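> Sequence:
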Amino acid sequence: MFDNKSIFITGGTGSFGQKFIKTLLESHRPARIVVFSRDELKQYEMQQVFNDPCMRYFIGDVRDANRLVQGMRGIDYVVHAAALKQVPAAEYNPTECIRTNVNGAENVINAAIESGVEKVIALSTDKAASPINLYGATKLLSDKLFIAANNVTGGHKTRFAVVRYGNVVGSRGSVVPFFRRLIAEGADSLPITDPRMTRFWIQLEHGAKFVMKNFARMQGGELFVPKIPSVRITDLATAMAPNLPQRTVGIRPGEKLHEMMISRDDSMNTIEYDDHYVIKPSIRFVVQGDYTENALGERGKPVREGFEYMSDSNGDFLDIDQLMKLDRLTR
433 MFDNKSIFIT GGTGSFGQKF IKTLLESHRP ARIVVFSRDE LKQYEMQQVF NDPCMRYFIG
493 DVRDANRLVQ GMRGIDYVVH AAALKQVPAA EYNPTECIRT NVNGAENVIN AAIESGVEKV
553 IALSTDKAAS PINLYGATKL LSDKLFIAAN NVTGGHKTRF AVVRYGNVVG SRGSVVPFFR
613 RLIAEGADSL PITDPRMTRF WIQLEHGAKF VMKNFARMQG GELFVPKIPS VRITDLATAM
673 APNLPQRTVG IRPGEKLHEM MISRDDSMNT IEYDDHYVIK PSIRFVVQGD YTENALGERG
733 KPVREGFEYM SDSNGDFLDI DQLMKLDRLT R
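495 is the number that my numbering gives to position 63 of the sequence shown; each next residue is one higher, with no gaps.
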């Protein structure tokens, strides 16, 4: 579905954006891929790797509504990956986080509608489910904006959906590169926030392919959640450095012991498919879709009442051997 289409990616120089573009170029022949980000150095470095004739690089910030409209002219599909994501930085700079993650989301929505974009998928996070930190709260607001945007398109064809997933293996600022740096520097132990801590775990390639597949699946208004494994933080540390002791340093402000992707309160709106869940919108749209069957003809069924999707009660955990293999593959 991406052949001869134009795709626009906000935050396109990030870990996800680069993997998404690599996957896209390997499997399709898009007419144009527009990388939209505010860091000219990252764009310069990315151009040395991604220099296909279809590539375009736009300097811009999602806070700039006019620049988004300029960049989206003639665009068919939008992936919104730009965000301020570091939990401590968001707690210390709340207004800046809101301006990017909430006001920026609204700007992306308005630009997509004005430009006649066909489909938009916004990336979310497990921290948006029952958030306890500002980053999670802003992403929850962003999710709500994108879902509700399906009601304000008027006569335009634009449809919006959201993809939510957990920690991405090896992404910038995540625990894996942090542990790798400590190991390379000769650390005598690895810091563990809490030995009970668990997280959802997804590889970048899986995340990119999941987003691509959901462009074909979506009707508008869905929040897609992949079925992915969990990890215990102690198992991850053991897999990466079997001979190093672990020391408990305590949970950081705004951090959870376990992450959630679907809350108990969302169970009444959740549909289970073979490899993913869909949280259908709680509001009624002008055009109401049947979310038990998607645009690919795949069928799902409602989950039981009181269902929740938590990293600690997930039935799928990666063991130490699997994590060791994964660590080698992602180096």
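Be aware that one or more of the hints could be misleading.
[Said to hold, decoys possible] List of simulated lysine-lysine pairs, DSSO-like, C-alpha gap at most 30 Å:
1) 733 x 645
2) 589 x 645
3) 733 x 589
4) 757 x 454
5) 454 x 641
6) 757 x 437
7) 641 x 589
8) 659 x 451
9) 576 x 659
10) 576 x 437
11) 645 x 757
12) 474 x 589
13) 733 x 757
14) 733 x 641
15) 454 x 437
16) 733 x 454
The set of hints was computed from the structure by calculation and includes no laboratory data.
Predicted, not measured: the structure shown is a model, and the values here were computed from it.
> Each hint should be assessed against the structure and marked as holding or not.
Now the hints, each set against the structure:
1. 733 x 645: holds (19 Å)
2. 589 x 645: The hint holds at about 20 Å.
3. 733 x 589: The hint holds at about 28 Å.
4. 757 x 454: Given that 30 Å is the threshold and the Cα spacing comes to 23 Å, the pair holds.
5. 454 x 641: holds (11 Å)
6. 757 x 437: With Cα atoms ~36 Å apart, residue 757 and residue 437 exceed 30 Å; violated.
7. 641 x 589: holds (24 Å)
8. 659 x 451: OK: residue 659 and residue 451 at ~20 Å, within 30 Å.
9. 576 x 659: holds (22 Å)
10. 576 x 437: holds (27 Å)
11. 645 x 757: Roughly 26 Å between the alpha carbons, so the hint for residue 645 and residue 757 holds.
12. 474 x 589: violated (33 Å)
13. 733 x 757: violated (34 Å)
14. 733 x 641: holds (23 Å)
15. 454 x 437: Distance ~16 Å between residue 454 and residue 437 Cα, so the pair holds.
16. 733 x 454: violated (34 Å)
Against the hints set out earlier in the document, violations occur for numbers 6, 12, 13, 16.
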